[in-house]
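Line order of the protein sequences matches chains A and B.
One point on numbering: in our numbering, the residue at position 249 of the first sequence is 249, and numbering is uninterrupted.
One point on numbering: in our numbering, the residue at position 215 of the second sequence is 215, and numbering is uninterrupted.
By construction, these hints were calculated from the structure, which means they are not laboratory data.
Note that CB positions come from ideal geometry on N, CA and C, so glycine has one too.
Check before you lean on any hint, since a few could be wrong.
Said to hold, decoys possible - Pairwise CB distance ranges (calculated):
no., chain 1, residue 1, chain 2, residue 2, range
1, B, Glu353, A, Ala290, 41 to 47 angstroms
2, B, Gly73, A, Glu220, 21 to 27 angstroms
3, A, Thr351, B, Arg79, 37 to 43 angstroms
4, B, Arg294, A, Gly280, 54 to 60 angstroms
5, B, Ala290, A, Asn283, 35 to 41 angstroms
To be verified - Computed footprint of chain A on chain B, listed as stretches where at least three residues anywhere in the stretch have a Cβ under 8 angstroms from a Cβ of chain A:
no., segment
6, 2–16
7, 141–154
Residues per chain, in single letters:
Protein chains: 2
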Amino acid sequence: MFEFTITAKNARARAGVFTTPHGDLITPVFAPVGTQATVKTLTPSQVKDLGATLVLSNTYHLYLRPGDDVVAGLGGLHRFMRWPHPLLTDSGGFQVFSLAQTRHIDDEGVTFKSHIDGSTHRFTPQRSIRIQENLGADIIMAFDECSDPNDHEYSKLAMERTHRWAEICVKAKRRGDQALFGIVQGGVQEDLRTASAKFIASLDTPGIAIGGLSVGETKEEMHAMLDVMEPYLPENKPRYLMGVGTPEDLINGVLRGVDIFDCVLPTRLARHHSAFSPEGRLNLMNTTFARDERPVDETCDCYTCKTFTRAYIRHLIVAKELLAGTLISIHNLRALIRLMEEIRIYIVNGTFEEKVSLLLDQWKNNANRQMVNE
Amino acid sequence: MFEFTITAKNARARAGVFTTPHGDLITPVFAPVGTQATVKTLTPSQVKDLGATLVLSNTYHLYLRPGDDVVAGLGGLHRFMRWPHPLLTDSGGFQVFSLAQTRHIDDEGVTFKSHIDGSTHRFTPQRSIRIQENLGADIIMAFDECSDPNDHEYSKLAMERTHRWAEICVKAKRRGDQALFGIVQGGVQEDLRTASAKFIASLDTPGIAIGGLSVGETKEEMHAMLDVMEPYLPENKPRYLMGVGTPEDLINGVLRGVDIFDCVLPTRLARHHSAFSPEGRLNLMNTTFARDERPVDETCDCYTCKTFTRAYIRHLIVAKELLAGTLISIHNLRALIRLMEEIRIYIVNGTFEEKVSLLLDQWKNNANRQMVNE
């Protein structure tokens with residue numbers, strides 16, 4: 001279980017297979033986000049039809065609603081949300097720091113108030129693992145602290161706490177059918193990122209997550225950090241770049257040795273009527289689409305693009321019909337999943353490196369980043 | 001085209017086939033409502049999977065948004081909403097009377113203000129037909145005036161206007177690939193209903209619609225009106241009871257010779273978390289369902305009931321996830337479509353009459369009516 005086999009390499013880019021209790025995960029892979037045990041507006045059947053293989057869900061949200069004990073009592077998250085394929089949960093750390101109110105961090109954990117009803121809760125590394133064991137995802141995360149990337153002093157403190165907490169998580173873990181990933185932190189400081197990569201690698205977890213990026217730093221800083229860490233990340237373990245990202249970020253991530261990505265961007269853009277396309281992001285509410293008989297993207301193979309016109313989707317948006325969000329979500333998610341399928345073919349063919357500039361050019365008008373918490 | 005063949009009868013109940021340019025329509029049939037060229041929250045693929053064969057769309061809404069000329073320019077309603085099966089449009093009359101602001105009725109038509117932006121518009125019988133020809137549904141409706149059913153004087157006036165307008169509609173119609181149905185009016189007055197049924201039957205339209213019921217009268221009054229009209233409705237033409245209704249109404253309608261029904265009830269209930277079930281309507285937001293592992297209806301064959309627990313749907317509702325509305329819509333629509341399939345089998349077997357009391361008993365806790373405009 002949890003073996004990672006690299007089937008092809010192209011410079012630092014890797015095509016691999018990660019075995020999980022719910023099936024083999026083909027990498028590189030983009031995971032749709034199902035924050036509250038649902039990829040927003042889509043049935044699991046529609047998510048599967050996108051070619052999705054891995055779905056991420058959020059520990060913080062599920063702990064608050066419906067409660068991890070409820071999910072456990074109903075047979076775990078796979079059974080609860082009817083996703084019989086690989087699942088990943090985060091540790092709850094990121095949401096505690098970004099969503100919860102009046103949090104207090106100490107060396108043992110975080111006390112916070114729920115963003116829903118203001119009730120007080122406490123997460124510790126042990127508690128995060130226990131919740132994630134109740135949820136039962138295939139891949140789970142160590143509890144970490146995400147710092148302001150440009151604050152060196154705080155980044156060092158948060159990194160050290162993340163390291164201690166990672167050790168506690170490794171010891172606290174009881175289930176044998178879940179892969180716990182340690183998380184590298186360290187802001188945008190080369191020395192911290194190097195130290196953190198070395199330390200997390202030393203814990204010998206079945207995979208390594210990279211946290212604290214795509215949180216406000218520049219693209220150049222993110223790329224520099226990926227370059228700095230890469231030599232210290234074990235070759236034979238999957239690497240997961242958390243909460244990333246745009247099409248451009250995925251291309252740049254794979255180029256720097258990343259295997260797993262997740263982001264709310266495709267579904268969040270969909271709710272704001274924005275669709276990936278070869279022409280750049282389209283705001284489908286725009287009046288120019290009122291009589292446009294073309295699909296969102298003529299090159300796309302998704303249900304939305306094979307079935308509907310831009311004019312129809314624009315009508316749904318203007319008429320405030322929720323189906324608009326569903327149809328654009330299908331397209332945006334398929335666009336990133338298809339990009340990853342394309343990249344994997346290039347890696348296997350040995351042509352990825354030479355295709356990178358072409359891919360970046362194709363996607364250059366879809367590059368704007370948005371906030372990643374949902 | 002538009003031949004109606006009765007394949008079996010059981011007292012007044014009929015099982016038939018109505019031929020349309022987009023395929024044979026097996027009756028009795030319940031049509032989901034796609035007000036704005038979409039059955040709310042469902043893809044056409046999901047609607048088809050319910051066993052739906054006929055979808056209704058609203059002329060008033062599509063005239064205002066996106067405009068019938070836009071729909072015509074995009075190839076008509078079938079192509080616009082990607083529903084390649086039979087479609088029905090109403091005349092716009094009911095919505096003008098129930099939704100539009102400050103309407104003024106005269107003998108030639110109705111001037112009204114849009115409920116969206118207050119702009120002024122005018123519908124006449126000719127205009128309604130022209131709009132419905134632009135939309136291009138298989139079954140279209142004569143422009144009618146719906147009265148307060150208990151006001152005899154106004155009901156007589158509205159009925160007479162409806163008759164004159166029906167004659168104008170028959171003359172105004174140009175397309176040969178659309179079946180225009182005249183509409184019987186007359187409130188809850190036996191003499192008016194008899195006169196209206198006779199008059200509309202005399203127009204020899206390929207089908208007859210029954211309007212002005214399920215608008216505030218009692219169930220007994222509705223049944224009495226159906227009984228009074230039935231002898232005057234041509235045997236060999238389909239009869240469409242507009243905007244009806246609850247499961248109980250469908251059973252009682254078929255029993256009184258009705259072939260076609262539509263209602264927003266299943267999708268509207270879904271948006272209010274309410275699901276049909278053998279136990280009666282379930283409010284799935286109720287805390288008693290928090291750990292309920294059963295499907296909404298153990299006897300149901302829909303995607304929702306075959307896949308999800310009540311606990312999961314309740315979680316989606318509490319977490320304000322739109323998927324809840326989609327899943328309950330799938331179940332509620334399938335419940336009524338399945339009821340019609342069951343009824344048709346009984347008619348063909350010759351057992352419908354003896355099953356009626358059993359059916360009414362099964363559905364007795366799902367009988368509450370709601371307003372029917374959406």
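The hints, checked one at a time:
{"no.": "1", "hint": "B:Glu353 with A:Ala290: 41 to 47 angstroms", "result": "violated, 52 angstroms"}
{"no.": "2", "hint": "B:Gly73 with A:Glu220: 21 to 27 angstroms", "result": "violated, 48 angstroms"}
{"no.": "3", "hint": "A:Thr351 with B:Arg79: 37 to 43 angstroms", "result": "holds, 40 angstroms"}
{"no.": "4", "hint": "B:Arg294 with A:Gly280: 54 to 60 angstroms", "result": "violated, 48 angstroms"}
{"no.": "5", "hint": "B:Ala290 with A:Asn283: 35 to 41 angstroms", "result": "holds, 40 angstroms"}
{"no.": "6", "hint": "2–16", "result": "violated (count 0)"}
{"no.": "7", "hint": "141–154", "result": "violated (count 0)"}
Hints 1, 2, 4, 6, 7 from the earlier list are contradicted by this structure; the remaining hints agree with it.
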